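Trainee: Here is what each chain is made of, one letter per residue.
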Amino acid sequence: MQFVFPIASGVYKGRHIRVTKYVKTAAGLSIKVEHNVPNVAGKQHQWVQTVSSNGGFSVICNMKTRVDPFGVGGAVNTVSLPAVPGICKADDLLPFYWTAADLASGAGPGLSDSPQVPTPAAGRTWTQFVTALTEVTGKNVLTLAAIAWGYERRVDGSVHMYPIRKPRPDEMAAYFKALRFMYPNFIYS
Amino acid sequence: MTNKNSIFVSFLLILSLCLITTMPTTSSAESDPTGNISVHIVPTRFGATGGRSIEVADPSQHFYVVLTNAGKAPVRLWREWCSWGYFNLSFVTKDQHGAIVKIVKHERAWDKNYPDWTIVSSGESMVVEVTFDKSAWNDAPLPEAGTNRSMELTAVFEIPNSPEAKTNGVWTGRVTSAANTYTLYR
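Listed in order, the protein sequences are those of chains A and B. Residue numbering for the first sequence follows the numbering used here, starting at 1 and increasing by one per position. Residue numbering for the second sequence follows the numbering used here, starting at 1001 and increasing by one per position.
The set of hints was computed from the structure by calculation and includes no laboratory data. Given the structure is predicted, the values throughout are model-derived calculations rather than measurements. Check before you lean on any hint, since a few could be wrong.
[Unchecked claim] Below, in silico cross-link-like pairs of lysine to any residue (SDA-like), each with a Cα-Cα straight-line distance of 20 Å or less:
hint, chain 1, residue 1, chain 2, residue 2
1, B, Lys1166, A, Lys89
2, B, Lys1094, B, Val1042
3, A, Lys21, A, Ser189
4, A, Lys21, B, Asn1168
5, A, Lys89, B, Ser1135
6, A, Lys24, B, Tyr1114
7, A, Lys89, A, Lys177
Could you put together the complete structure from these sequences and hints?
Mentor: Here you go:
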């Protein structure tokens, strides 16, 4: 399985994002991703993650692909997005995985996530993520490198991990579509 | 370097290592994983004649459970939103016939999830809002709408041992509140 994903072009060509942990848990999986892109004055490097599923918040929010987090209940689902009214909420008004409060409390600079779902009553619940490192300059969000990963939970409770890979063009299209729909006051490329 | 100097440098190195190994780490200085936590249910009101009342007419009406650090050192507790903290609080009810029911939360999904803790300093508290919303709780002891129901209610707060608790210096253990009688109004 590939764990290092180089930045293909631009000033950071040759730098990469690297998956340092990818393991199954009782109800999902756990991932950690790091990068070696240097800090540059006037720019921020932020993780952006979209999630698609046939269950969970994709069903509740009626959105197959969402910018993560976006759902119902808990402190990560408390902020209403002007562009997406309804019961589902985000953790802040920015499209990034870590909030400013997360970062101030010690989260980052890598990304860590341990998604999980309950055992489905029938069939399987699949969840597919696209995780990207972006460079943010003002309102411009430039995606530097991305990975696709995920898992499914089956009716017997078992967890099956999907391989980590480069996202397909249709997955990147869904990623950009979700960002532009949910956080339209940023410019994505 | 002379032999005398070399012995002196070695002495300094050994002394430094001794000082480093005996200094408290940041983690242990900031938290006590075995600290003294107490848990209390705060009723909506406590009347001279009506006793302790909890009003839960709809999911937006809630009551509070207060976790207080009664120890001398700060403790770390999981925040409720993450999977490590979500199931820490549960309840036990006992009705007038002596039937005991354990009230725990439903399993749920997380897309964003990481072990997230907060520091509770000595004498300070963490407050958990509880609605007994049936979408979150199994066997929520809600009376029928427009009625009330009295029961003995105990809050149970438990953080089990886990690799993440150990890594993050999070308090682990189990504490229960006093078992008082509450009347739930809906």
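Trainee: Give a verdict on every hint.
Mentor: Going down the list of hints, with the structure as the test:
no.: 1; hint: Lys1166/B - Lys89/A; result: 32 Å, violated
no.: 2; hint: Lys1094/B - Val1042/B; result: 18 Å, holds
no.: 3; hint: Lys21/A - Ser189/A; result: 28 Å, violated
no.: 4; hint: Lys21/A - Asn1168/B; result: 18 Å, holds
no.: 5; hint: Lys89/A - Ser1135/B; result: 17 Å, holds
no.: 6; hint: Lys24/A - Tyr1114/B; result: 14 Å, holds
no.: 7; hint: Lys89/A - Lys177/A; result: 18 Å, holds
Taken one by one, the earlier hints fail for this structure at numbers 1 and 3, listed in ascending order.
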